[in-house]
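Asker: Just so you know, the sequences run in chain order A and B. FYI, the numbering used here numbers position 18 of the first sequence as 18, with every residue one higher than the one before it. FYI, the numbering used here numbers position 26 of the second sequence as 26, with every residue one higher than the one before it.
A few of these clues could be false.
To be verified - Lysine to aspartate or glutamate pairs mimicking DMTMM-like chemistry, simulated, CA-CA at most 25 Å apart:
no.	chain 1	residue 1	chain 2	residue 2
1	B	LYS57	A	GLU15
2	A	LYS103	B	GLU59
3	A	LYS106	B	GLU106
4	A	LYS1	B	ASP56
Claimed, not checked - Here are the in silico distance ranges between beta carbons for each label pair:
no.	chain 1	residue 1	chain 2	residue 2	range
5	A	ASN18	B	SER83	40 to 48 Å
6	A	ASN22	B	GLY40	25 to 33 Å
7	B	GLY3	A	PRO40	17 to 25 Å
8	A	TYR76	B	PRO8	35 to 43 Å
9	A	ASN22	B	THR82	33 to 41 Å
10	B	VAL52	A	THR108	20 to 28 Å
Simulated from the structure, these hints should not be mistaken for laboratory data. We put the beta carbon where it would ideally sit given N, CA and C, even for glycine.
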Amino acid sequence: KQEVTQIPAALSVPEGENLVLNCSFTDSAIYNLQWFRQDPGKGLTSLLLIQSSQREQTSGRLNASLDKSSGRSTLYIAASQPGDSATYLCAVEGGSEKLVFGKGTKLTVNP
Amino acid sequence: DAGITQSPRHKVTETGTPVTLRCHQTENHRYMYWYRQDPGHGLRLIHYSYGVKDTDKGEVSDGYSVSRSKTEDFLLTLESATSSQTSVYFCAISGTGRTGELFFGEGSRLTVL
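My request is simple: use the sequences and hints to build the entire structure.
Answerer: This is how it looks when you write it as structure tokens:
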């Protein structure tokens with residue numbers, strides 16, 4: 001059974017810092033990996049989708065990488081801003097399973 | 001933003017009563033999903049649909065049923081609500097299913113007393 005782990009569970013950084021969020025998964029036979037953002041009391045917003053054949057995706061200040069063989073993905077946020085404060089979740093899809101989510105990393109960017 | 005509307009957004013009910021949550025989409029997407037989100041467990045799939053009248057179970061389907069009679073509507077029913085079903089329920093849609101981007105509704109917070 002696929003398991004997705006996100007470490008750390010919470011992260012606090014000063015504004016302007018570059019940061020990396022980590023996601024690991026146990027079964028490397030995946031179709032894709034998605035990164036989401038969730039603001040308090042809100043639904044999830046898709047940030048980046050990486051297909052299994054891809055190594056990375058970029059959107060603005062966000063860059064997500066995928067290393068299937070090691071079962072890892074990272075979300076890089078450049079020049080962090082207070083507006084980036086949210087919970088970030090990764091999810092993988094593979095085999096007969098639908099998306100399996102990690103429990104998220106709660107990011108706080110301090111002004 | 002993807003056109004997904006969940007109703008009701010908040011509901012308080014008593015143990016043993018039936019509850020139906022509705023997800024309505026205006027995107028004409030084929031795939032629709034119901035998740036629940038709980039502290040310590042993250043998001044877990046309850047049921048999903050891959051077309052009108054085509055549904056299947058997810059990871060935590062016990063105590064829940066679903067129906068999809070139209071492309072745009074996906075209903076989640078708790079036949080007899082229990083306190084363990086207190087949660088935030090999210091509907092999600094995807095145009096392409098596997099390998100597709102997932103779009104989420106705003107959530108429905110259900111409290112079972």
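Asker: Next, verify each hint and record whether it holds.
Answerer: Hint check results:
1. LYS57/B x GLU15/A: Given that 25 Å is the threshold and the Cα spacing comes to 43 Å, the pair is violated.
2. LYS103/A x GLU59/B: With Cα atoms ~16 Å apart, LYS103/A and GLU59/B stay inside 25 Å; holds.
3. LYS106/A x GLU106/B: holds, 19 Å
4. LYS1/A x ASP56/B: Roughly 18 Å separates the two Cα atoms, so the pair holds.
5. ASN18/A x SER83/B: 40 to 48 Å: Between ASN18/A and SER83/B, where Cβ atoms are some 44 Å apart, the hint holds.
6. ASN22/A x GLY40/B: 25 to 33 Å: About 19 Å separates the Cβ atoms of ASN22/A and GLY40/B, which means 25 to 33 Å is violated.
7. GLY3/B x PRO40/A: 17 to 25 Å: holds, 23 Å
8. TYR76/A x PRO8/B: 35 to 43 Å: Since the Cβ atoms of TYR76/A and PRO8/B sit about 39 Å apart, the hinted range of 35 to 43 Å holds.
9. ASN22/A x THR82/B: 33 to 41 Å: holds, 36 Å
10. VAL52/B x THR108/A: 20 to 28 Å: At roughly 43 Å between Cβ atoms, THR108/A and VAL52/B fall outside 20 to 28 Å, so the hint is violated.
Violated hints, in rising order: 1, 6 and 10; the structure is consistent with all others.
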